[in-house]
Amino acid sequence: MTEKKPYKLLRIDEVRWEIPRTGKMRVPGLIYTDARTLPDIEKDQSADQVYNVAHLPGIVGRSIAMPDVHWGYGFPIGGVAAFDLDEGVVSPGGVGYDINCGVRLVTTGFRRAEVQPRIRELIDALFARIPCGVGSRGGIRLGRTEFDSVLKLGAEWAVLQGMGEDSDLEKIEDRGSLPEADPSTVSQRAYERGKDQLGTLGSGNHFLEIGFIEEIFDKTVAQQWGLEPGQVTVMIHTGSRGFGYQVCDEFLARMVKSVHHEGLELPDKQLACTRLDSALAREYFGAMNAAANFAFANRQILTHLVRVAWEEALGVSPRQLKFRLLYDVCHNIAKIETHTVHGKSKKVCVHRKGATRAFPAGHPALPAIYRSTGHPVLIPGDMGRASYILVGRSGAMDEAFGSTCHGAGRLLSRHEAIRRTKGRAIERELQDIDVYPRWTGRKTLREEAPEAYKDVSLVVDVVQKAGLADKVARIKPMGVVKG
Amino acid sequence: MTLHGKKNGRGWRFLEHTADIRIEMCGTDLKEVFVNAAFALSHLLGAKSDLPTSDKLEVDLEADGYEDLLVEWLRELLYRNQTSGFLVAEPRITTLTPTRVKATLRGRHVDMEAVGPDFEIKGVTYHGLSIRKDDNTYTATVVFDI
Chain A
1 MTEKKPYKLL RIDEVRWEIP RTGKMRVPGL IYTDARTLPD IEKDQSADQV YNVAHLPGIV
61 GRSIAMPDVH WGYGFPIGGV AAFDLDEGVV SPGGVGYDIN CGVRLVTTGF RRAEVQPRIR
121 ELIDALFARI PCGVGSRGGI RLGRTEFDSV LKLGAEWAVL QGMGEDSDLE KIEDRGSLPE
181 ADPSTVSQRA YERGKDQLGT LGSGNHFLEI GFIEEIFDKT VAQQWGLEPG QVTVMIHTGS
241 RGFGYQVCDE FLARMVKSVH HEGLELPDKQ LACTRLDSAL AREYFGAMNA AANFAFANRQ
301 ILTHLVRVAW EEALGVSPRQ LKFRLLYDVC HNIAKIETHT VHGKSKKVCV HRKGATRAFP
361 AGHPALPAIY RSTGHPVLIP GDMGRASYIL VGRSGAMDEA FGSTCHGAGR LLSRHEAIRR
421 TKGRAIEREL QDIDVYPRWT GRKTLREEAP EAYKDVSLVV DVVQKAGLAD KVARIKPMGV
481 VKG
Chain B
1001 MTLHGKKNGR GWRFLEHTAD IRIEMCGTDL KEVFVNAAFA LSHLLGAKSD LPTSDKLEVD
1061 LEADGYEDLL VEWLRELLYR NQTSGFLVAE PRITTLTPTR VKATLRGRHV DMEAVGPDFE
1121 IKGVTYHGLS IRKDDNTYTA TVVFDI
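Residue numbers (the working numbering), protein chains in the order written: chain A, 1 to 483; chain B, 1001 to 1146.
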């Protein structure tokens, strides 16, 4: 028997479904999806979560879900919600445990034909060099004072240590350093949990992938970004590791208590939040931004480790390798940004939980190199099919607080993925489609099998049709390191 | 009611959740629910059934109500594991009130990289958190973010 929902899900057009305001909802819900991706969304409770988020105090516009949305805890994964600075709230659950989980893409001077014959030795070298797996440690160990410098400086800290170039910084969202970071708001426990994890990949859906540009969709933008068919790329997906998890955990616990004092009514305890003008909100912002900077530094360090491993494994010089950072995006974050609400420009607090910023051409926050195109938006898919490079469009600003999707979106639970792949050699299946994997966890490959995810091509088709972002290029994986 | 996980006789089991891990645990009293929650977490963290009990930790935690206390309890066990590799084999709860849990934990500090658990548990969430009583059985549900 189908459970009766307290809301309706109505089709507006080919790629938009609305949850009209009802009951105590403060705004409507909007889900970007189509006939092909909607059935998967209806299978779990993600639409319920879009409905729940629409109840939060001070939410403006709509409670939004991208086509890769899936059932999270509290907020859906693939959700965007913006809040008025006077009336609204900030919620650690709306950012996620893995604060500034994100993706970066590096291009190289290599062609597919040059790398394919040596993909095994390259992936093996990366697997040996990059600390990965559950609770992976052995990265860079720092005392508290230096650790606090990482939290203040973010990616710049790694560049100052010789891991990258100054020019990398303009190719990272917010230059890889959020100035609101305040190490004094970070607990000793968070430090303890994160101190050995800087420069580590982690596990689960985090990965490091070598791929090549299989198809270019927008030749003009691709040319401006230096992308060519057949060019080999490196994609890194990781975040703030145990440090960010602990920051989220502690502030959630405090806000579960504070909601009572603040008189906030919530449909789910995991939506625990605090008013944006409270002292607790300021403290959370200080710690959350510190964790975001940790993640920026982490991806910068990992990029350096990949560069060194590649040069050693294939015996090439930096000049031959031509490692060039294209961009680095966060997809778990809350930011104060200026958007148009009810026709007026105002500052709001945008939560992107499993959603990517997609500022289009001309946006004032863009670095000069991307001012005329919009910044690259990186959308990883599963390890067998494809990933995409998109560019933001004006529709993202008009409707979705400058946001778009963040990936393929999980389709099967981990247990279901393991059940469905029983008796199969996923490693062999991947190799049959020219993807060489290395991994640590006993069940990682089966949990992360391509069929556990939605088809990312369907997801990006929806955001393109909705006018949020345009396809620039598609990347096909060649080899992957999973934790 | 007895819950059956992958092996019969456990006081907890996995429930479906797309992205995360949802666990249901039961007990004839709340202490048993908390003990089974600790066992479930130890299992997720890769503990084997013959885990030694040579190391000891004391915990004394406070929260508002049994549900929040259950989250606090699991959060503490997770933190101890993530920072020192402690895995619980024998949780002995000495005090359990709606606002406080006090316990002696016997288990072992291990090298977690050698244990190699299947999941990295990021946190213990409040999503769908519940403790309910039917007849003489308490049942709790908790979602772990992984």
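Hints are computed from structural coordinates only; laboratory data are not their basis.
Incorrect hints may appear among the rest.
Stated by the list, open to error - EDC-like, lysine to aspartate or glutamate: derived pairs with alpha carbons at most 20 Å apart: (1) A:K257 to B:E1076; (2) A:K257 to B:D1118; (3) A:K322 to A:E312; (4) A:K257 to B:E1072; (5) A:K476 to A:E429; (6) A:K195 to B:E1067; (7) A:K43 to B:E1076; (8) A:K476 to A:E416; (9) A:K344 to A:E312; (10) A:K43 to A:E416; (11) A:K422 to B:E1016; (12) A:K257 to B:D1068; (13) A:K422 to B:D1118; (14) A:K257 to B:E1062; (15) A:K344 to A:E399; (16) A:K257 to B:D1064.
message: Taking the earlier hints as the rules, which of them does this structure contradict?
response: 2, 6, 7, 8, 9
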